[in-house]
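Student: If you're matching them up, the sequences are chains S and R in order.
Per my numbering, the first sequence runs over residues 1116 to 1389.
Per my numbering, the second sequence runs over residues 5 to 256.
Please keep in mind that the hints were generated in silico from the structure rather than gathered at the bench.
Each hint should be verified, as a subset may be incorrect.
[Stated by the list, open to error] With a Cα cut of at most 35 Å, we get these calculated DSBU-like pairs of lysine-lysine:
| hint | chain 1 | residue 1 | chain 2 | residue 2 |
| --- | --- | --- | --- | --- |
| 1 | R | K115 | S | K1296 |
| 2 | S | K1296 | R | K190 |
| 3 | S | K1296 | R | K121 |
[Unchecked claim] These stretches of chain R come out as covered by chain S in the derived footprint (C-beta under 8 Å, 3 or more residues):
| hint | region |
| --- | --- |
| 4 | 77-84 |
| 5 | 89-95 |
| 6 | 169-177 |
All C-beta atoms in this analysis are idealised placements derived from N, C-alpha and C, irrespective of residue type, glycine included.
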Amino acid sequence: MIAGLAVAALLWEGYKAAGDPEGTVLFGVRVLPRADDLSMPHLWTIGRRLADPEMTGGRPVWLVVLQACLFTLGITAAGFAAGTVIGLVLAAAMQRFRIVERGLLPYVVLSQTVPLVALAPLIAGWGGTLMPPWATVSVIAAYLAFFPVAVGMLRGLQSPSAGGVELMRSYAAGWWRTLVKLRFPAALPYLFPALRLAGAAAVVGAVVGEISTGTRGGIGRLIIEYSREATSDPAKVYTAMLGAALLGLLVAGAVSLLELPLMRHRRHVEVATL
Amino acid sequence: MTAVVVDNVTKVFNRGRSDEVPALTDVNLTVGDGEFVSLIGPSGCGKSTLLRLIADLIEPTSGTVTVAGRPASQARREQEYGIAFQQAGLFEWRTVRRNVELPLELRGVSKAERRAKAEEMLELVGLADFAGHYPGQLSGGMQQRVAIARALAVQPPLLLMDEPFGALDEMTRERLQSELLGICAKTGTSTVFVTHSIAEAVFLSGRVVVMSARPGRITASIEVELPSRDEAGRQAPAYFEKITEVRQALRS
Ligand SMILES: Nc1ncnc2c1ncn2[C@@H]1O[C@H](COP(=O)(O)OP(=O)(O)OP(=O)(O)O)[C@@H](O)[C@H]1O
Ligand SMILES: [Mg+2]
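Just need the whole structure built from these sequences, with the hints factored in.
Tutor: Encoded structure:
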């Protein structure tokens, strides 16, 4: 991971050094972005910006970003957890009843094609009446997160061989016990990649949700605020983006923490969750 | 009371479709209490299908299956039998010990008891040292032995075994054959045993049931009396006579 970060930093600075400051334009279409200081500030500029106060006399930027991260992390975690639970329940229901699978799966897929910007105002309307405003953002995060879990888990629950299912039948185990003893453990190799996708989706959902519902205090809001100052203070918006990336890493780390003890003795199946 | 009664059973897979398979026709089979019956026949003649019918894993197209005096479905719910099938079918996320414990766990046996039983069974199949391993770390034959230990762990009144020794070397196979006979004799377990080996069928069984394919049906039922079921038994003239008899029945 450290190596990955180093490579990313090298690519950034490398492109800055080698790329055309005005960007590369082919047939009137800009195929490569501008590499000037306004579009791509040096990493050290961004680093320095983190240490400086947000506004003259204000708190340092890193503290503001960190606080915003924590706020958004709470929203993301709530959305991720809710989305995971919904995804698991849907997957179990679809596994249990073929009719549910056939009736529901197309809608599960369809749900992800509804543009978030169209949905956000509707959900934002629940804020203050049905739930506190921050929870509406969690709903949006959950809405994006449940999908990979539902689809991945369904495949996992359907993965045991006929032999395993027959064995449980010979033990007179019903659906629930077969689920607990056979299907769920068998599904774990499918679940974790799905959880990773869901975690990333929850972060995106939370950030975009904050922006489109106008929720204050989170990293999404900060990105919008700082990007307004992009012309005068280009490094500032990148500090907020670093914060968003940090969130993604945190969530991925949490999934790995869960995965490590559970998957130590397991073969890792190659799965494309979608 | 009889352990198993298969009465006029016919099984057709995919009935009414273009890929219809008549797997069994008019099969009648009775297994007495404590009796050891082997099923032998060419590949695809319906041995596994017959075993699965007795286990109520599939339902007959017509006819009835009775286990321990009850309909097969009720007997399954009451856990009247243990199975060890062609594929070991171990759960890869459980250690060997916990695989053997699985049926005990589902019956609500206490943890200490489960553990003791599992250890005992693993000792029996010669895998005591591998209790903490995962199935992925074992050879095919070792996995098969774990599956046998798992089937024996609950000491079921009826054992259904589908080529359980297929993946084993000759030495292990003979040792497990003797162990199996010992267990069955000691506990009075009735057994239906599918095998491809004529010698194995004759050595183990009180009766060898010969089947033929297309359509799958029972063509002969040969009683086996051996002076003893041990090394001497494998040398006895009666043993070789029966082997010849079964071979001829398979040919015709
Ligand atoms: N689930 C199924 N669906 C359709 N056909 C099946 C099914 N199971 C078995 N058959 C068919 O039933 C016939 C008997 O199969 P079965 O597995 O009982 O044979 P077998 O005697 O056990 O063979 P082997 O010795 O190779 O294990 C075969 O022709 C097989 O194709
Ligand atoms: Mg078979």
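Student: Are the hints correct? Go through all of them and say.
Tutor: Structure-based check of each hint:
no.: 1; hint: K115/R with K1296/S; result: holds (16 Å)
no.: 2; hint: K1296/S with K190/R; result: holds (32 Å)
no.: 3; hint: K1296/S with K121/R; result: holds (20 Å)
no.: 4; hint: 77-84; result: holds (count 4)
no.: 5; hint: 89-95; result: holds (count 4)
no.: 6; hint: 169-177; result: violated (count 0)
The structure fails hint 6 only (numbered hints given earlier).
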